[in-house]
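Asker: Residues per chain are reported as follows:
Protein chains: 2
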Amino acid sequence: MTRGVDLALHLVTDDRLPIDALPSVVDAAVAGGVTVVQLRDKRVDAAELIRRACLLSSVIAGRVPLLIDDRVDVALAARDAGAVVDGVHLGQADIPPVTARRLLGADAVIGWTAHTPAHLRAAGELPAGTLDYLGVGVIRPTATKANHPPALGIDGFAELARVAPLPCVAIGGVRPDDVAPLRRAGAAGVAVVSAICAADDPGAAARSFARDADAKAGR
Amino acid sequence: MTRGVDLALHLVTDDRLPIDALPSVVDAAVAGGVTVVQLRDKRVDAAELIRRACLLSSVIAGRVPLLIDDRVDVALAARDAGAVVDGVHLGQADIPPVTARRLLGADAVIGWTAHTPAHLRAAGELPAGTLDYLGVGVIRPTATKANHPPALGIDGFAELARVAPLPCVAIGGVRPDDVAPLRRAGAAGVAVVSAICAADDPGAAARSFARDADAKAGR
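Protein chains in written order, with UniProt numbering: chain A, 1 to 219; chain B, 1 to 219.
One chain only, chain A, in its complex shape (with noise of 0.2 angstroms):
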C-alpha cells in the first residue's frame, strides 16, 4: 500500500467521545487491531485539536500512524508541539488535496472522502501521489454523521471500488460480519466509528473487525 499505510481497520474517533475516556478508548482500540487512527471533532477550536492530537500521539506511541480530519493546519501546528501526526482525511469540503500533499510533504498519508463516480473521476485527475487512498461510503446508515450520503451497501461500494483510482477504505455503519463481504467488493480496509468508540469493551470491539479482517481475508 502508498507509503506503506496499512489501511485494514481505521477507527475515526467520535466526537461525542469524552475526553476523559478519549485515550483508554483509542489505546485498547489499538492493541485489539486498529490499523490507522483518525482525531475527528467538528466542535472543539483548534488549540483544543491541537491538545487532543498531542495526546493520541502520546497513546499511540508510533504504533499506527494517526491522521487529523479535515484541518492540515491544525496537524501541523500539532507537529510542531511535538506530536507524530501522519497526514490528515479531507472531505469534499475541505481544502484540495494538492494544496495539503504540499503542506504536509511526500511522506504524509492522505485520505479523501469519495462517495460518488464524479469524486472518483475527481480523485483519479488529481497528479500521481496526490492521495494515499479514498474514504467511500456510507455502507449502511449511520447516526455518526448527520446528513450523511445515501447508504450505497455492498453492491453500491462495490461499483464504486471497482472503478477507483486509489485503494478505497469503507465508512459508515460497517459491522463486523460486513468486513469479508466488503474486503470481497474491493475494500482496502473498512473505518469505524461508534461500533468501537461506543462499545463496551472498545479492544473487543475492534479485534472483532479484525479478526473478521484477518480471517475471511484469508490473511
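Heads up, some of the hints might be wrong.
Claimed, not checked - Distance windows between CB atoms, simulated:
(1) B:45 x A:6: 50 to 56 angstroms
(2) B:140 x A:116: 44 to 50 angstroms
(3) B:21 x A:61: 40 to 46 angstroms
(4) A:31 x B:18: 34 to 40 angstroms
(5) A:31 x B:62: 53 to 59 angstroms
(6) B:58 x A:153: 55 to 61 angstroms
(7) A:146 x B:146: 19 to 25 angstroms
(8) B:204 x A:149: 43 to 49 angstroms
Just so you know, the hints here were simulated from the structure itself, not pulled from any lab data.
Beta carbons: idealized from backbone N, C-alpha and C, even for Gly.
Got chain A sorted already, so can you dock chain B onto it with the hints?
Answerer: For chain B alone, kept in the frame of chain A given last:
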C-alpha cells in the same frame, strides 16, 4: 508599521451578510477608506471560504491587504487557487502564531486577538517578527460576537495598549466618534464589523470611521 500595512481601519466581514451582498459591501467599504479587509465566517466550510477569499481578492484588486480569520490552511489553499491573501487573523483558540508565521512566510500579515494582560505577555514572548498587530477588545458590548469578553471601554483599552508589545487595533462595538479617543489611547487603528457591513450605505459608513480617524488624529 510592520510590513507596511496601514492598520487604521480594519473591516471584518460579518457572517450574517448574504454572499450576494459581500462583494458590493467590501468594494464600497474599501472605496470609503477601509485599509485592511478580514474575511471571517465561522459558519461555512473550507471550500466555501476559499471561494469567498477568491471573490474578495478579485473585488479588492490589490487596493488593501486581505486577511483570513483563523484558517491558515484556507489562506494557503486560496493562494493556490489564485487569490491574493496577505495573511491571517488568529484568535487565542486558533493555531499558534509561530506555526502560522512558518507556513505563511515572512511577508505575511499576522494578527492575534488579545483581550487580557496575560495575552499581551504571551504576545511579547513570541519570537520577534511573529506578529504584526494585536486585536484588542471588545470596546463596547456588541451583538456581532456571542460570548465576547467584558467590554473594556476606552480606558480599559488604553491600559492594555500602554503595555502592549505590538500595535493594537481596537475591536468590538467601536463607533465613529470612538476613533479619535481610541487613537489618543494608543490605537493603531480600529476594526469594524456590523457598523459597516450592516449599514444601508457601507461606503458612507466606512468614510465616517475613516474621516474621523484622519481628522481627529490630525493626519
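Asker: None of the hints should be skipped; say for each whether it holds.
Answerer: Consistency of the hints with the structure:
1. B:45 x A:6: 50 to 56 angstroms: violated, 30 angstroms
2. B:140 x A:116: 44 to 50 angstroms: Distance hint for residue 140 of chain B, residue 116 of chain A holds at roughly 49 angstroms.
3. B:21 x A:61: 40 to 46 angstroms: Hint violated: Cβ distance 51 angstroms, outside 40 to 46 angstroms.
4. A:31 x B:18: 34 to 40 angstroms: 51 angstroms Cβ-Cβ, so the 34 to 40 angstroms window is violated.
5. A:31 x B:62: 53 to 59 angstroms: holds, 56 angstroms
6. B:58 x A:153: 55 to 61 angstroms: Given a distance of about 44 angstroms, which is not inside 55 to 61 angstroms, the answer is violated.
7. A:146 x B:146: 19 to 25 angstroms: holds, 22 angstroms
8. B:204 x A:149: 43 to 49 angstroms: holds, 47 angstroms
Violated hints for the displayed structure, listed by number in ascending order: 1, 3, 4 and 6.
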